[in-house]
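Asker: Take a look at the letters that make up each chain.
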Amino acid sequence: MNKQEKLADLRHFLNRYGLPHDRRAVPLGMTDADAVLGGGLRPGAQHEVFAQDWGASGFAACLGLRAMGKKPLFWVRTDYAALEYGALSATGFLELGGDPEKLLLLRAANNEDALSAAADILASPHMGAVVLELEGQAHVLDLSASRRLGLIAEESGVTLFVLREGADARPSAAVTRWQVRSLNARAEDDDWGSPRYLTRLTRHRLGGLGEWIMEWNPQNGNFRQEATHHGAVAAAPFDRPADASYRFA
Amino acid sequence: MALWLPRLSTDRLTRLIVSPDRAALAKTPLVVAGRANNALYVYALNKAAVRAGIYHGQPLANARAMIQTLKIVPADEKRDAELLEGIADWCDRFTPLVALDSPQGLLLDITGVTHLFGGEEAMLSLARAKIAAQGFAVQGAIADTCLAARALARHANGTVAPPDENARMLAPLPVAALDCNEDIMRALRRAGLKTIAQVAERGRAELASRFGGGFVTRLDVMLGRHEKPLAPRRPLPDFRAEQRFAEPVITKDVIAASLHTLATSLSGMLEREDQVLRHLEAFFFRANGKVERIAIRTGAPLRDPAVMLRLLDERLDALAGPLDPGFGFDVIRLEASLTEKNEIVTASFDDNENSRWQIAFLVDRLAARFGEHRVQRFVAQDTHIPEAQSATIPAQERDFTGTWMRRRKDDDPPLRPLRLLERPEEISAPLFMAQEGAPRRFRWRKADFHVVRAEGPERIAMEWWKKDGLTRDYFRIETDQGLRFWLYRDGLHREAGLHSRWYLQGIFA
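Same order as they appear, the protein sequences are chains A and B. Sequential numbering of the first sequence, starting at 0, is according to numbering that gives the first Met the number 0. Sequential numbering of the second sequence, starting at 0, is according to numbering that gives the first Met the number 0.
No lab work stands behind these hints, which were simulated from the structure alone. Even glycine gets a Cβ: it sits at the ideal position worked out from N, Cα and C. A couple of the hints might just be wrong.
[As the list claims (entries may be wrong)] Distance windows between CB atoms, simulated: (1) B/HIS383 - A/ALA7: 58 to 66 Å; (2) B/GLU81 - A/GLU100: 37 to 45 Å; (3) B/GLY134 - A/LEU150: 50 to 58 Å; (4) A/GLY220 - B/LYS445: 30 to 38 Å; (5) A/LEU150 - B/ARG405: 37 to 45 Å; (6) B/ARG500 - A/GLY156: 43 to 51 Å; (7) B/ALA390 - A/GLY156: 31 to 39 Å; (8) A/GLY220 - B/LEU235: 22 to 30 Å; (9) B/LEU337 - A/GLY220: 35 to 43 Å; (10) A/GLU100 - B/LEU469: 31 to 39 Å; (11) B/LEU308 - A/GLN218: 55 to 63 Å.
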């Protein structure tokens, strides 16, 4: 393959995934997943993480860590979510490999406030990533609100992760949708081990789907490759709510 | 200038009544009953009650015996104080130096502002007329010192003492104007001293030996021989800009235009002095006396009028009800209540610097809209108690820093949970065999969990110098579902006995 061909190939690739030239995809560190995602998570876009148990906020934090780069991460959550699921802890963030000095928190009184604050923060290109944590069905985040967030993210280039707890998937403008639950440490390890997640990519606007076991490596700040049963995953239905996600106590 | 509202408590009650009944009410004796030394007495009374011969401080039973139809209302000193604060807010339109002279008076330092209102007499009558129009009995006076003005307001209503003639104006007042305690009053009466002039003539040493040093000081302050500074309610703003309207303004556009003008002129003042502001306050004086106050704190030093307006807009939008002009605002004012020396280069070509600014501005906007305490950042604390290790403070605070200490070593998994419950929640764990181990199963929030893996204990003792709390043994546990929690047993066995409680404090990612 000569240089010309390679360039043409790259252009084709970029056109296909529609990424502006100055924005690089955010690789997760797992070759299989990155291949399906087209090099990694798309920056300046909206990604949804649906919690299926208590572990999902960790996954959202890990994705945020991948996407934020050297810029700050803004975590937007409601007071109720903190009561119900626990308050974000800076020491935990530090242990995951983040820098608490770069972590900003907005405690919104309700979902409406959280949504409007997230839209404001997302509009600032000086942010690294935004995590919007919404509890319950959160009807404020309907399709048009979701589209709006997507457009703002597209404009500013800031990546938005919408962390949904206790919610069923609804139609949205997100580029990817992940269903996440936590996994036990590997049986062969007898110690505690890094966080492991069973992640299902149930929706992807730009490519295929998949299911992977991801293990976060706090030292390198990426996901560790692990041999997984990379099975076929059916696409999320577009005309009805996807599988009622497991509501955890 | 001193203002005195002798019937504040009864006026407050009367004002609540709709006007046709108000005139009728003014004719019925009304008394506000207070409690002192476990007895009810007359705390405040209206004119009709005075006419009927009731006096302040009279036992309530006596007053009742004098008039059977007496209307009695229990005293509400808190409401009265609030009302006085409200009137003081309103008085801010005359001068920024307003002091409360509780429970019924106000003191205004009007040095250098009288010309704005057409002289001292005009200003005094304006203030009295406007307060009286709101349904208050008011007396007022202007003098060189606040004590003199206070005495004149009470005993020679409407006096404007010419400069340096305080003593002459005060001379004919009765000694009651000195406002001393009962013992001194009795002593003065016994000595045959009836007016201030008679007291002032006596030698200071003579007075001091008889009535105490405090009395002499008070007399001298009143006569203008000593200074006594006023203690204003609010510190004087560093800079302020205000606009007065002959005709109250109602429309949004005019208000916005006025704010724009004010922000620009405030910014000009700041620029001349090379200052930046950290605390901005906007006052909207409604024509009917209510004052709306909006305070904005900024994390990033501020001087740009456009930014000021943007922050004000954010705050005005976030108000529960929109800014209600009622019958219109007659004064709008912007104050820079906290300023500091300008230390920053406003335009920087350094990207990092720029984005720091942009983020600070974003934080300010969010704080203006949602409240300072809702936009937070984390600060490391020098402790090992898990819940106290990181504090959240308003993100606008720049002055706190700490060093973050990572718990895990390289290649270790995270040893602290990403989520900490607001307060540790007790779990019910059955008695377990191994006394020192983690529970094999437990119940939390109505769900059962089976533990398959546990790491610990990690013993964290409370800080002995604070003497609260028991030593905790922490366990990192993993359930058969793959969930990871952070549990602790509160108290060692020797501290808490066998039946120590278990708590779930954190949730690992």
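Asker: Hints first: check each against the structure and report whether it holds.
Answerer: Now the hints, each set against the structure:
Our hint of 58 to 66 Å for B/HIS383 and A/ALA7 holds, since their Cβ atoms are close to 59 Å apart. Evaluation of the 37 to 45 Å hint for B/GLU81 and A/GLU100 yields a pass: the beta carbon distance comes to about 43 Å. Distance hint check for B/GLY134 and A/LEU150: the Cβ-Cβ separation is about 56 Å, which falls inside the suggested range of 50 to 58 Å. One distance hint, 30 to 38 Å for the beta-carbon pair A/GLY220 and B/LYS445, holds here, with the actual separation near 37 Å.
Separation of A/LEU150 from B/ARG405 is about 38 Å and conforms to the stated range, judged on CB atoms against 37 to 45 Å. The hint said 43 to 51 Å for the Cβ distance between B/ARG500 and A/GLY156, and at roughly 50 Å that hint holds. Taking 31 to 39 Å as the suggested C-beta distance range, the pair B/ALA390 and A/GLY156 conforms, at roughly 32 Å. One distance hint, 22 to 30 Å for the beta-carbon pair A/GLY220 and B/LEU235, is violated here, with the actual separation near 52 Å.
The hinted range of 35 to 43 Å is satisfied by B/LEU337 and A/GLY220, whose Cβ atoms lie roughly 40 Å apart. Judged by the Cβ atoms, the range 31 to 39 Å given for A/GLU100 and B/LEU469 holds: they are separated by roughly 33 Å. Checked against the given bound of 55 to 63 Å, the beta carbons of B/LEU308 and A/GLN218, roughly 48 Å apart, lie outside it.
In summary, the structure is inconsistent with hints 8, 11 from the numbered list given earlier, while agreeing with the others.
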